[in-house]
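From these two lone chains plus the hints, build me the complex, please.
Protein chains in written order, with this note's numbering: chain Z, 253 to 1002; chain C, 1182 to 1332.
If you're looking for bench data, these hints aren't it; they were derived computationally from the structure. These numbers come from a predicted model, not from an experiment. Possibly wrong hints are sitting among the right ones.
[Said to hold, decoys possible] Cβ-to-Cβ under 8 Å is the rule here; a few derived chain C residues that face chain Z:
1) L1192
2) G1194
3) D1196
4) P1197
5) A1281
6) I1284
7) V1317
8) R1318
[To be verified] Listed next, the in silico BS3-like pairs over lysine-lysine satisfying Cα-Cα at most 30 Å (straight line):
9) Z:K315 to C:K1294
10) Z:K847 to Z:K890
11) C:K1328 to Z:K890
12) Z:K482 to C:K1294
13) C:K1184 to Z:K947
14) Z:K847 to Z:K730
15) C:K1328 to Z:K947
16) C:K1184 to Z:K464
17) Z:K746 to C:K1184
18) Z:K482 to C:K1292
19) Z:K890 to C:K1294
Every residue gets a Cβ at the ideal spot worked out from N, C-alpha and C, and that includes glycine.
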Amino acid sequence: MSFSADSYISEIIAEFEQAPRNVPRAFSRRSILKFTGAAGAGLVLAFSLTPSSAEAAAAMAAKDFAPNVFLRVAPDGGIVIISKGPEIGQGIKTAFPLIIAEEMDAAWADVRVEQAMINPAIYGRQSAGGSTSIPNSWDQLRRAGATARAMLIAAAAKQWNVPASECTASASKVIHAASNREATYGSLAIKAAALPVPDATKLTLKTRSEYKLLGNRFTGVDNLAVVTGKPLFGIDQTVPGMLYAVYEKCPAVGGKVASANLDYIKTLPGVKDAFVLEGNGITSEVMPGVAIVADSTWSAFKAKRALQVVWDESGASKDSWTKIIADAKRIAKQAGADSIQKIGNVDEALKGAAKTVEAFYSYPFVPHATLEPQGCTAWFKGDEIEMWVTSQTPERARTNVAKMLNLAEEKVVMHQLRAGGGFGRRLVNDPVSEAAAIAQRVNAPVKLQWTREDDMRHDFYRPGGFHQFTGGLDANGKLIAWRGHFITFTSDGKTPVSGGNIAATEFPAPLLANAEITQTMLPLMTPCGAWRAPRSNAIAFAVQSFIHELAVAAGRDHVEFLLEIMGEPRWMAPQNPGALNTGRAAAVVKLAAEKSGWGQPLPKGRGRGLAFHFSHAGHFAEVAEVSVDAQKRITVHKVTVAGDVGPIINLSGAENQCQGAVTDGLSTMLNLQVGIENGRILEGNFTEYPILRMKNAPIVEAHFIQSDFPPTGLGEPALPPVAPAIANAVFAASGLRLRNMPLRNEGVTI
Amino acid sequence: MFKVNGTEQSLEGIDPSTPLLWVLRDTLGLVGTKYGCGIAQCGACTVHLNGQPIRACVTPISAIEGQAITTIEGLATDKLNAVQQAWIDYDVAQCGYCQAGQIMTAVALLKDKPAPTDADIDQAMSGNICRCGTYVRIRQAIHAAAKGGVA
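The shape of chain C in the complex, shown without the other chains (with noise of 0.2 Å):
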């Protein structure tokens, strides 16, 4: 068993070798969790466990059992997230396809640095690859969040 996003799931009947990812994505039908590299590379694949940022495309379903998983559908409870909202008041998608994973690890860094400068985000966000290359609206989104409150 393992919590995602509040909600028990059992991990019955599936190899433990799977990664997170795929069991999010295609078991549990969570498709906000992106594949990009599959080796921990890009970062699309950010979730928090235990409210920590891992790598679910490397992280084996048999490594969080009895856990806590949240992904970017968990995020927003009654309201976005301050750092949902800054990425829509920043416009900064352009595909898109990298930022559920973004948004992930900017969720993480403001927790644990409310106020961060730009070397902490660069610092944080350096596992996130943007091919678009938002990376300068990201930046300005994440000072936004963290002025807005605690995110």
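Just chain Z, same shape as in the assembly (with noise of 0.2 Å):
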């Protein structure tokens, strides 16, 4: 059985985080083609050695101009612009287009979006997840509309017969302001298309001052199909004859299938089948478990309700929260046996220091609870199979499909729907192996529909977590030694579990002269994976609290501490974003302690909070503005965010990433969590995982230093900070030091 979750995502982020910052990928020279379509129809730009695709193929025979797979122009002025991610609602729908549109210099009003088959061979990659699509992507889609902008121009120049350079190009017209004349993208389209292809790479790409879309406020392409009610998402999907399917998995993961009353549900109305799957024993695919086919989701629901399975649990998990919590809370104190960092003498440094500070931090863990649960559509059709998806590894899900269907990947025909919600739940694709599982034995088109109970205590987890630490101060009240004990799981017995490791340059640790983090790994079955901002939405949350004990302890201004650690402006590991550059750390530091009032005084019972922290090559800090009374009920006024991603694509996006991350980071810090016994997800509703509503939503200030370095994403980076900038801030208005989530553990109510 194996129980990796997500190893996929770890493997994108690991490389984009290596990858050098100024070769733009995809378009590597030697992954260029460029070949001629049927005559005067259009040229087409491949990133592979594949010849076509259907799009590419619709482009050329509607006469459009295609110079590559990302966009067309239409002789009637009408501009297609592909989407090639998945949008999960991170609003990358919006934002790929704009940043291609921007490097066409189209009129947003022009473009029309639609999104990209799954066919990674000519779009390169197609994935969301750690906070990656905007930086993997950037220079890719910036040369794919500048391609069109240099040949629309070259189309104008040819038929004006000006200098190219002469010409400009703005909102879908070609401009020669020395002659007076222009000409839209429409009316050169078919001239543009008979052009050759220039090399991408050597195309001259605009500076941010030159920019007349990114930075601006759009709204998202799907707006009105979203408050419409169109069939947009996963769910909304239909198929003539489509029938509807649900699969009952062992409560305790790893379990068998031992019986079931299938012959009494099968004469259940509007049963149209019902059998047992034995499944390839992989988490991320197909684990055992019963699956029911009916005419209606609610036939499959009422039969769901009514089978009994009898389960063969000698293999399943019977993992405990409450002994993890006990076994966690006795070997604290010690080291652990794996030693993740190690710089200095902290032992020495700790006898030396005028003062030591300990504590102890925990978390619990967390489903992801998108408000779309988990489904998928399937049609197998004997030699291919057609599905529709709402992953966010789509590119996996087709080849793990593919794998289990024994088809070749271009048998996997694969479209992706907008998805109602990932943080990193739909990384992992087991529904989607399910659907494609059942779909092989249904003679029709079937619609896996997962209930909201499946949903929670069928998810790869957000891993609980323990932390001690030490840290010492010398008589300046300076940090001068960092201990840290990181308590965490392993379900092969040798690497942590998935979202549930610690890194060596984890803050604040390379930064200080003495400091050490060890490590130990508990077993766990429980499967677990990247939920939003993977290890520093938890890791955050205790570091930067901690820090702050530190500041108190040595009776020091939290922002003067805080800077004093980060030091001299350097790149920890120069050009690559992976890697924390203080001094865009110590800006944003500075720019929320600015744009929140730090140090003005408050109202007793008032406090602010600050934490810092840095993720998916986003630097960000937060403060936080609380009341809390004497019954311990908090309220969260404001919350003030300074970030540097680089420069911002679409502002409103940006701000409305800012405005969730710090909403969900709230929610989840107070109340949520799920307990584990005898290897069952406890939770399985809303009713007992209550996900904050709007009287508690904070408000929130986001502000962005837009510097020159490249984009990266925005999904995560806001996250982390919230948790502990909350936390310093109930401290600092009650003298209350929470250091377990969720709070309302610990008594602490909204």
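This is the structure in structure tokens:
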């Protein structure tokens, strides 16, 4: 049995963090192939040796100007831009096309956006995870747009018999100012299509001061469809003749079906079939269970309630959160067996310290709880399968299905649909593989629908964790030693579970003269995975709260204490966007402090708390302003966010991500957890998993330092500082130090 | 029989215990109304029954015989409802999955209270979860729709 959840996304993140920044991927010269289509019909620039694609073929047939797979200009002036990656609420279906439209100088109103089919051979990477969509695609998409602009300018210059260098482009037009002439992109489409495609790596891209679109506020391209209830999401997919399926798995992961009342289930109204799937034993693909196929979702749901399965739990999880907490507390003060980081001599430094501080922090397992429960539609046609997925890693989903059904990848025709939330859940494609396995047994298209309870109980959870810290301060209140013991989990006995590791570079260790991080891994079978800002979402709470404890013990201002730790501006690994840049870090801390009114007096019972965290290539500092009453009831009045992710693509989307991250961060730290006993997840629905509601949503003020570093993602890095900023504000307001999430376990309410 | 967005629909042959949600989605193909929890906790399935917001996921069709249902698809007539327009103007959605339910609740609120306070809004919207955390924008959009005219 394999419990590997999302090694794929770890690979993506690692590749991104290690890649040099100045080489545009997917445009390396050997991967470019130029070829001419039917005479006069168009040119296609592909990113591999794949000779064509359905999209390119359609464009050629329509006599559109389609210089690459990302865009088409029709003779009537309509511009179609293809968004290649999954939209999960992070706004990429608006951001990707904006990048292309900017470089091609398209008028945004002329642009219609289409979602790409899954075919990484022509689009390059198609995934949404690790906040890597923007940094991984920035060069590729800019050059796709710039290619179109260069060719449209060349077509106009040829038509006017003037040098291309005298022409400019703006709002879907080429302009020759000297002769006061202009031509629309539509009027140039056919002529541009007859020109050779230039080498995209040699094109001159715009500088930030030349941007007309990027950095402004744009409403999302799907918003009209969203507010009018158009079919848009995975769950909305219908195929003529489609049946509806549910899938019941063992409540303790690893259990197998011993027997089930299938004969009875098959007699129930609307039920077409019921059968056992043995699965392939891979938690991220198909675990054993019972499938019920019916003529409606409700018939299937009703039959699922009547289903009785006897599980063979001999190999199933017996995990217990209660036992885990007891084990962690018992071993916390020892050093962990694994050495993660060792700098200087912590023992000596602590001996010489004027003051030492110790603390123990903890946090629970949490599910992703996307509002659209997991599901997938599949139509197995014998020698191929067509699928409609809401995956963050559809290219991986396609590979998994091809392998499982023994089909060539091109025989897995995969459409990507808007997903009702991702947060890392859809990096893992178990619902896609399950749907494929069920579809293979059903002679009709079939939509697999998980119930909310299925979704909450069969997740890849943000692993819980524990941190025991000791910090040493010298006589001047300077941090001179840091010791951390991180208690996490392993399911293979060798490596930490997904989302449950700590890096040697974790702040602030590499900035200190003496630092030590050790790790203990407790055994676990419960599947774990990346949850919005994996690792950071929990580590930041512990680390940045403890840094505040040290600042308080030193009698120093938190801002000043943090800035001292950061020290001189330096990039810890130059040109690596995954490495902390202390200059950018200090700048966001100062900006958050300035914008939040840091240091200005507040009434009694009200306080400000600060936290910084660097993750997913984003530097973020946040200040929360919080009131606390005598009953430990808190009010979060405002959270000021200061971030540096380079230039902003869509300011409205960027602010929305910050607002969402703060709300998500508060919701999770305050109230959210799942218990695990006898391998079972105890919570099943929103009654027991109380997501924050409107009246408690804080006001969020987002400020961005739009530096000239290449832009990086914003789906995640605004989240980690939220919890420690609020916890530190609670301390400032009341003297109450909160070290265990969720806060409701410590009697805190909102 | 019952009316959906002004059109008579027959309930013949449908299990009377079936929640309205699944009749809308699976039988009538009106998929704007969403499934989130199945127990009236999240509000993603909010529709109007004779103008009042209800949770379609726990409303059996036996309870709506002879009555009028409005769904998100029936909100706009020749132009968008002011609430829908405000949702676009304020770029409210992130994933967008909850927003049909949020909008249906907001429209009912404005019918009842054309100029709601923040407290009125928080109260009326308390049954609708947004997992992405767009609450502040929802509040702004409701205020904007209220100012822009009767929703």
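Checklist entry - Hint by hint, which ones does the structure fall short of? => result 1, 2, 4, 9, 13, 16 and 17
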